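Peer 1: If you want the building blocks of each chain, they are given just below.
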Amino acid sequence: MDPRVLLTDKGLEHTLNRLCFELIENYQDFENTVFISLQPRGKYLGERIEEIVFKQCGVKIPHGILDITFFRDDFRRSERTIEPNQTKIDFLIEGKKVIMIDDVLYSGRSVRSGMDALLAYGRPEKVELLVLIDRKLTRHLPIAPNYVGRTVNTLDNQRVSVEWGDVEGEDKVVLLNQ
Amino acid sequence: MAELSVDHLLGIKDLKTEDIQLILETADNFKEVINRPIKKVPSLRDITIANLFFENSTRTKLSFELAEKRLSADVINFSAASSSVKKGETLVDTVNNILSMKVDMVVMRHPNPGAPVFLSKKIDAKIVNAGDGAHEHPTQALLDAYSIREKLGDAAGKKVVIVGDILHSRVALSNIYCLQKLGAEVMVCGPKTLIPKHIEKLGVKVEFDLMKALNWCDVANMLRIQLERQEDKYFPSLREYTMMYGLTGERLSSLDKKIVVMHPGPINRGVEISSDVADSDQAIILDQVENGVAVRMAVLYLLAAKINR
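Chains as they are written, first to last, in my numbering: chain A, 1 to 178; chain B, 1001 to 1309.
Just chain A, same shape as in the assembly (with noise of 0.2 Å):
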């Protein structure tokens, strides 16, 4: 079968403005509030959120990257070695209200690290969970998004890839059969 194409450039620039209409409804004026993507195709997300964000109300947002490789349960698991990326954070979480942001939520073992490693940069206030593309039926572990671009209903054998304009040269999400 062939990809299916789940949102079109103009699609997914009417979502990301919903989800920021709904974050700057929830939070206002972003008051000790931070941005954290998790690595590595949660930062291309969350870069676009900042920047829309930024645009509508004005507020720059401190946003950090935040690896997770180290915290992962499938460490020695799979056939290879997890290779890290970059951790950038330069603010104090302690305190702080973080919108945790990644592209697709599909078992949930990788939002499960983010928060453990999250921790790692103190106690946050409260944490909730931006997710462009929710795969409702996959889910591992008992974990639900805040705030939700789309759900979709997949199978394990499918793969849903979020690609970016100044990554892959178009905005688009597509739905692939394995």
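Take the hints with a grain of salt, since some may be wrong.
Selected chain B positions facing chain A (in silico; Cβ < 7 Å) [as the list claims (entries may be wrong)]:
1. Glu1032
2. Pro1037
3. Ile1038
4. Ser1043
Each computed PhoX-like pair below joins lysine-lysine, with the alpha-carbon atoms no more than 25 Å apart [what the hints assert, rightly or not]:
5. A:Lys88 with B:Lys1039
6. A:Lys88 with B:Lys1069
7. B:Lys1151 with A:Lys88
8. A:Lys97 with B:Lys1040
Non-contacting residues of chain B with respect to chain A, defined by C-beta distances greater than 10 Å in every case (computed) [to be verified]:
9. Leu1066
10. Phe1078
11. Val1117
The hints are simulated quantities; they were obtained by calculation from the structure and are not laboratory data. Computed from a predicted model, the values in this text were never measured in an experiment. Note that the Cβ used here is the ideal one computed from N, Cα and C, for glycine as well.
Could you slot chain B onto chain A? The hints should help.
Peer 2: Then chain B, alone, in the frame of chain A:
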């Protein structure tokens, strides 16, 4: 995805350039980890590591132990001074006893060159060589290379002189292999009695005049003069050694460039390096110590990834 081509870290000689690069790149990530408010990650929480030190060590042992603990591994320590080795037990027996306690990795320092290689053939655990006689000290070379890369951007094309007791130095040998694999030029410098014969076969330059060596290099790695070997009379007196080969502020400022000064420690102030140089901004001696933990974390992490479940 990258992984090490070796199952043990026995020496730099066995590593490919890609292995060294992988270790240094992974160490970048761990350096960030050890500068977090909470400096610990859970990667190795189901791994037990035995530190077997058949020879005295303070900083290497501390550095390994810290690296292991920051990776959440369980650690047991053993030192020959307080063990059955004194009662005549063989190396393999000692280690097998420890392995019966279900140890996954062994970090070993031993006075005999080749002891880690021997052990890796006899037992089923990942071995990290923490120094074997006058043979190799791979993690020291890796952290030296890491520190050079951090300070100068890249080790490739840089000129590094290793000054001092090359003859008895495992640090020198590992450094030579490591730097050459990374594309640096290496020179050794010291009194003739402390430079091994035929060392130029390794592709290093040999220089007996410290000032010429300093004028040539970008980095000077000053080795410790092993005071305990003074009985052997490799040079007439410490005072003479210092006059000929000691790195002083005066010598350093007479150069027309700023070189980087390194030392694997422990330093003998006023012998191979003067206090003002050791404390100057050109010295990266304490950076080396910090980087040592990150590099050892990288080595342990990458080797642990190869343990079969």
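Peer 1: Failing hints, ascending?
Peer 2: Structure breaks no hint.
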